[in-house]
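Novice: Listed below are the residues making up each chain.
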Amino acid sequence: DAGVIQSPRHEVTEMGQEVTLRCKPISGHNSLFWYRQTMMRGLELLIYFNNNVPIDDSGMPEDRFSAKMPNASFSTLKIQPSEPRDSAVYFCASSRGTSGKGEQFFGPGTRLTVL
Amino acid sequence: DAKTTQPPSMDCAEGRAANLPCNHSTISGNEYVYWYRQIHSQGPQYIIHGLKNNETNEMASLIITEDRKSSTLILPHATLRDTAVYYCIVRVTMNRDDKIIFGKGTRLHILP
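If you're matching them up, the sequences are chains A and D in order. The opening position of the first sequence corresponds to residue 1 in my numbering, with each subsequent residue numbered one higher. The opening position of the second sequence corresponds to residue 116 in my numbering, with each subsequent residue numbered one higher.
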């Protein structure tokens, strides 16, 4: 299994531009999580899905952030418009949900820099 | 999720056992103790979890006190590759709400 796949691995953009981060979870996993990590705030949960349905988006910082999961094998996290304070590493993770032991598998992350 | 308290950093000599403590005095009866680690520039990696019995796998051992208010992660023979931030987390599993809330963790330095 290839593990959780994220793209792009690095993204540099200018303030005001739209940014789309992509994630392919491990096949057969039914829960998907988006995290953000910065030096100041550590690792924060932004949103998570169960069976493609958003369960908890209380960590989404503001309306500029949106996430979708149109099917079991793909999710996007969009920032529009982007701001310099959005610069961070964004991780996607997946798990088998309640049918597993609660182990989350993380992708390699997308390092976002907003100039 | 219950809060956990971990020392911010620890050192351990290569080849020795690394013992990482975690306090979780407000843990509920149905909450598990999970440990993850994050090696620099990588995503967090699951290590082990337990409810009340001690657990061991190929990576580590988890010792949970009888009152479940604290636990210790043991890496039996630490190597330089074990240098990472280790997160202790308590959470409910077997539940639709299976999110993880990460704290600051312990930065473990393995010294050659």
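None of these hints come from the bench; they were simulated from the model. It is possible that part of the hints are untrue.
Now the in silico label distances, taken between C-beta atoms and shown as ranges [to be verified]:
| # | chain 1 | residue 1 | chain 2 | residue 2 | range |
| --- | --- | --- | --- | --- | --- |
| 1 | A | P61 | D | T120 | 21 to 29 Å |
| 2 | A | T113 | D | T180 | 20 to 28 Å |
| 3 | A | R64 | D | E129 | 25 to 33 Å |
| 4 | A | R64 | D | N172 | 22 to 30 Å |
| 5 | A | R41 | D | G130 | 30 to 38 Å |
| 6 | D | L195 | A | S87 | 27 to 35 Å |
| 7 | A | G16 | D | N138 | 42 to 50 Å |
| 8 | D | N169 | A | E14 | 31 to 39 Å |
| 9 | D | I189 | A | G42 | 19 to 27 Å |
Lysine to aspartate or glutamate pairs mimicking EDC-like chemistry, simulated, CA-CA at most 20 Å apart [unchecked claim]:
| # | chain 1 | residue 1 | chain 2 | residue 2 |
| --- | --- | --- | --- | --- |
| 10 | D | K184 | D | E146 |
| 11 | D | K118 | A | E44 |
| 12 | D | K214 | A | D56 |
| 13 | D | K219 | A | E44 |
| 14 | D | K167 | D | D182 |
| 15 | D | K214 | D | E146 |
| 16 | A | K24 | A | E14 |
| 17 | D | K118 | D | E181 |
| 18 | D | K219 | D | E129 |
| 19 | D | K167 | A | E103 |
| 20 | D | K118 | A | D63 |
| 21 | D | K214 | A | E103 |
| 22 | D | K214 | D | E181 |
| 23 | D | K118 | D | D182 |
| 24 | D | K214 | A | D57 |
| 25 | D | K214 | A | E44 |
What the simulated footprint calls covered on chain A by chain D, stretch by stretch (three residues with Cβ under 8 Å from a Cβ of chain D suffice, anywhere in the stretch; the number is not a length) [unchecked claim]:
| # | region |
| --- | --- |
| 26 | 9 to 19 |
| 27 | 39 to 47 |
The structure displayed is predicted, hence computed values, not measured ones. By construction, the Cβ of each residue, glycine as well, lies at the ideal position given by its N, Cα and C atoms.
Novice: Could you run down the list of hints and mark each one as holding or not?
Specialist: Against the structure, the hints:
In this structure the supplied range 21 to 29 Å holds for P61/A paired with T120/D, their Cβ-Cβ distance being about 26 Å. In this structure the hint that T113/A and T180/D lie 20 to 28 Å apart at CB is violated, the actual value being about 44 Å. At about 46 Å, the CB distance of R64/A to E129/D disagrees with the hint of 25 to 33 Å. Checked against the hint of 22 to 30 Å, the C-beta distance between R64/A and N172/D comes to roughly 41 Å, which is inconsistent with it.
In this structure the hint that R41/A and G130/D lie 30 to 38 Å apart at CB holds, the actual value being about 35 Å. L195/D and S87/A have their C-beta atoms about 30 Å apart, which keeps the hinted 27 to 35 Å range intact. A hinted range of 42 to 50 Å for the beta carbons of G16/A and N138/D is consistent with their spacing of about 45 Å. With their beta carbons about 53 Å apart, N169/D and E14/A fall outside the hinted range of 31 to 39 Å.
For the pair I189/D and G42/A, the beta carbons lie near 24 Å from each other, so the given range of 19 to 27 Å is met. Note on K184/D and E146/D: the hinted pairing holds, with a Cα-Cα distance of about 11 Å set against a maximum of 20 Å. Distance restraint check for K118/D and E44/A: the Cα-Cα separation of roughly 15 Å lies within the 20 Å cut-off, and the hinted pair is therefore satisfied. Pair hint K214/D plus D56/A holds up; C-alpha atoms about 9 Å apart against a cutoff of 20 Å.
Between K219/D and E44/A the alpha-carbon distance is near 11 Å, which keeps this suggested pair within the 20 Å criterion. Our distance criterion of 20 Å between C-alpha atoms is met by K167/D and D182/D, whose separation comes to about 9 Å. Using a Cα cut-off of 20 Å, the hinted pair K214/D and E146/D holds, with the two alpha carbons roughly 12 Å apart. At roughly 26 Å between alpha-carbon atoms, K24/A and E14/A are farther apart than 20 Å, so this suggested pair is violated.
Restraint check for K118/D and E181/D: satisfied, since their Cα atoms lie roughly 18 Å apart, inside the 20 Å limit. For the proposed pair K219/D and E129/D, the alpha carbon gap of about 24 Å is over 20 Å, so the pair is violated. The suggested pairing of K167/D with E103/A holds, with an alpha-carbon distance near 18 Å, which does not exceed 20 Å. About 28 Å separates the Cα atoms of K118/D and D63/A, which puts this hinted pair outside 20 Å; it is violated.
As the CA atoms of K214/D and E103/A are separated by approximately 10 Å, the hinted pair is consistent with the 20 Å bound. Straight-line distance between C-alpha atoms of K214/D and E181/D comes to about 26 Å, which puts the hinted pair past the 20 Å bound. At roughly 16 Å between alpha-carbon atoms, K118/D and D182/D fall within 20 Å of each other, so this suggested pair holds. A distance of roughly 11 Å separates the Cα atoms of K214/D and D57/A; the hinted pair therefore holds under the 20 Å criterion.
A distance of roughly 11 Å separates the Cα atoms of K214/D and E44/A; the hinted pair therefore holds under the 20 Å criterion. Against chain D, the region 9 to 19 of chain A contributes 0 residues with a C-beta closer than 8 Å to a partner C-beta. That does not satisfy the three-residue criterion, and the hint is violated. Judged by the Cβ-Cβ criterion of 8 Å, the region 39 to 47 of chain A is covered by chain D as claimed, because 4 of its residues qualify and three suffice.
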